[in-house]
Amino acid sequence: MRSDVTQFELTAPATLTEVLRRLADNPGRHTVLAGGTELMVALNTGRLATHSFLSIQHLRELRFIRETPDTIQIGAGATFTDIRGSKIICAELPLLAQSASWTGSVANQNRGTLGGNICNASPAADTPPALLAYDANVTLISAASMRELPYRDFHLGYKRTAMRSDELLHTITLPRIYAGHRQYIRKVGTRNAQAISKVALAAIALVEAGRIIDIRVGAASLADRPLRCTAAETVLIGQTIGGEGMEALVRKARAALAGEAEPIDDIRSTAKYRIAVGANLLEEFLRSL
Amino acid sequence: MSDIRITINGQARSLNVPSMKRLLDVIREDLQLTGTKEGCGEGECGACAVLMNGELVNSCLVPALQANGASVCTIEGVAIDGRLHPVQQCFLENGGAQCGICTPGMILATQHLLNKYPRPTYEQIQEGLAGNLCRCTGYMRIFESVCKAAEADYLPDRGKA
Numbered sequence: 001m002r003s004d005v006t007q008f009e010l011t012a013p014a015t016l017t018e019v020l021r022r023l024a025d026n027p028g029r030h031t032v033l034a035g036g037t038e039l040m041v042a043l044n045t046g047r048l049a050t051h052s053f054l055s056i057q058h059l060r061e062l063r064f065i066r067e068t069p070d071t072i073q074i075g076a077g078a079t080f081t082d083i084r085g086s087k088i089i090c091a092e093l094p095l096l097a098q099s100a101s102w103t104g105s106v107a108n109q110n111r112g113t114l115g116g117n118i119c120n121a122s123p124a125a126d127t128p129p130a131l132l133a134y135d136a137n138v139t140l141i142s143a144a145s146m147r148e149l150p151y152r153d154f155h156l157g158y159k160r161t162a163m164r165s166d167e168l169l170h171t172i173t174l175p176r177i178y179a180g181h182r183q184y185i186r187k188v189g190t191r192n193a194q195a196i197s198k199v200a201l202a203a204i205a206l207v208e209a210g211r212i213i214d215i216r217v218g219a220a221s222l223a224d225r226p227l228r229c230t231a232a233e234t235v236l237i238g239q240t241i242g243g244e245g246m247e248a249l250v251r252k253a254r255a256a257l258a259g260e261a262e263p264i265d266d267i268r269s270t271a272k273y274r275i276a277v278g279a280n281l282l283e284e285f286l287r288s289l
Numbered sequence: 001m002s003d004i005r006i007t008i009n010g011q012a013r014s015l016n017v018p019s020m021k022r023l024l025d026v027i028r029e030d031l032q033l034t035g036t037k038e039g040c041g042e043g044e045c046g047a048c049a050v051l052m053n054g055e056l057v058n059s060c061l062v063p064a065l066q067a068n069g070a071s072v073c074t075i076e077g078v079a080i081d082g083r084l085h086p087v088q089q090c091f092l093e094n095g096g097a098q099c100g101i102c103t104p105g106m107i108l109a110t111q112h113l114l115n116k117y118p119r120p121t122y123e124q125i126q127e128g129l130a131g132n133l134c135r136c137t138g139y140m141r142i143f144e145s146v147c148k149a150a151e152a153d154y155l156p157d158r159g160k161a
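Order-wise, the sequence lines are chains R and U.
To convert, note that position 271 of the first sequence is 271 in the working numbering; the numbers rise steadily by one, no gaps.
To convert, note that position 140 of the second sequence is 140 in the working numbering; the numbers rise steadily by one, no gaps.
Hint data in this document are derived by calculation from the structure and do not stem from the laboratory.
Hints are not guaranteed to be accurate.
[To be verified] According to the in silico footprint, chain U covers these stretches of chain R (three or more CB under 8 Å from chain U):
no., stretch
1, 10 to 20
2, 50 to 59
3, 107 to 115
4, 164 to 178
5, 242 to 248
Quick caveat, the model's predicted, so the values are computed rather than measured.
Built from N, CA and C at the ideal position, the CB exists for glycine as well.
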């Protein structure tokens with residue numbers, strides 16, 4: 001049932017400092033609201049847990065895409081439209097641009113933010129597999145401190161993250177080292193727009209003289225959180241692509257992925273299907289190397 | 001409650017509304033403009049799509065406070081001087097509307113698409129309208145209407161809020 005909107009309060013602090021002060025003064029009391037594409041759905045279906053919301057959508061300092069010599073830095077407030085429209089992201093981080101382009105629809109992409117996609121922490125979210133494959137770092141700020149941690153350590157469980165209740169996600173930082181890497185992303189859902197993934201997989205690999213010398217794989221809807229597929233990576237690193245060992249390697253990689261995946265049965269798919277298709281996507285990537 | 005100012009279809013209005021009230025309900029209840037429809041209420045169907053500062057948004061997902069200071073264009077603001085906008089005319093002439101519930105959102109999504117790509121490819125049309133669900137037409141006549149509108153003498157600065 002829809003919530004009674006008069007029971008909720010949304011305020012828009014004028015500055016980021018004020019947002020952080022209010023988060024620090026009453027940890028856990030406020031929920032941060034950016035584009036509203038997730039929380040307003042929860043409002044409409046009566047699933048909101050808290051009653052006080054802080055709007056950060058107007059804070060320009062959170063909406064940026066910058067480059068340094070070694071990194072691309074994306075503000076948590078950058079929208080999916082910003083991301084897919086960024087020349088540098090399209091050129092250097094195509095998996096992120098692609099995943100932004102199949103998040104929701106144009107109207108949702110105009111409002112939804114990368115920070116919101118990460119902090120909402122859905123295991124089926126579209127951009128996390130790409131961020132895991134690219135080995136992103138996230139910068140969390142609070143009134144008292146600022147810290148950076150690897151994105152692979154951010155998700156702790158179903159909708160549980162390493163972010164404290166007084167913290168805000170500020171920046172997502174990606175290394176600029178992927179020009180020579182093979183890159184792969186595929187989403188399996190019921191239709192192109194709006195569909196939430198049954199399974200999605202993003203992967204990058206650097207192959208030199210036929211050997212995999214760097215590889216990272218991220219997946220959606222294969223576990224209770226966005227999954228970095230380290231078991232599959234461990235099987236594959238250092239191995240030779242093509243040649244007579246290829247079939248055995250593909251089998252081992254599929255088995256490793258199946259072993260680390262812990263999907264569920266839900267309205268969109270079954271655990272069995274998700275494991276089979278996740279392994280198929282990994283195999284498709286390996287055969288493209 | 002929050003005091004908000006919205007420029008709706010070119011007209012400045014001041015309102016006192018709950019800060020989390022959906023822009024959709026502000027438009028339909030407070031501004032009495034019922035052309036904007038509610039479909040799913042979850043941002044999936046696009047029936048409630050409007051232009052906010054020129055951007056296509058689902059108004060069921062915009063809290064009133066975030067529309068403060070914004071310029072909003074609804075289906076009522078699309079016609080020019082009492083005459084149908086070329087996009088509306090093309091939907092009318094090409095069977096782009098049947099039951100009509102999705103039509104306001106389709107028209108505004110088309111406005112947004114043609115403002116961005118005045119001569120869109122078929123793929124751009126398909127993607128631009130992918131967030132607007134229609135259960136009557138099967139989409140072909142809608143796409144046809146948009147193609148016709150793009151061929152028409154479309155002026156990207158028209159119909160904006």
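Given as covered by chain U, does the stretch 107 to 115 of chain R meet the bar of three residues or more with CB within less than 8 Å? holds (count 4)
Does the stretch 10 to 20 of chain R contain three or more residues whose Cβ lies closer than 8 Å to a Cβ of chain U? This one holds; 3 residues, not fewer than the three required, reach chain U with a Cβ under 8 Å.
Verdict on chain U covering the stretch 242 to 248 of chain R, criterion of 3 CB contacts below 8 Å: violated (count 0)
Outcome, coverage of the stretch 50 to 59 of chain R by chain U - at least 3 residues whose beta-carbon is closer than 8 Å to one in that chain: holds (count 4)
Taking beta carbons only, do three or more residues of the stretch 164 to 178 of chain R come closer than 8 Å to chain U? Violated: only 0 residues of the stretch 164 to 178 of chain R have a Cβ under 8 Å from chain U.
Of the hints listed earlier, those the structure fails to meet are numbers 4, 5, in rising order.
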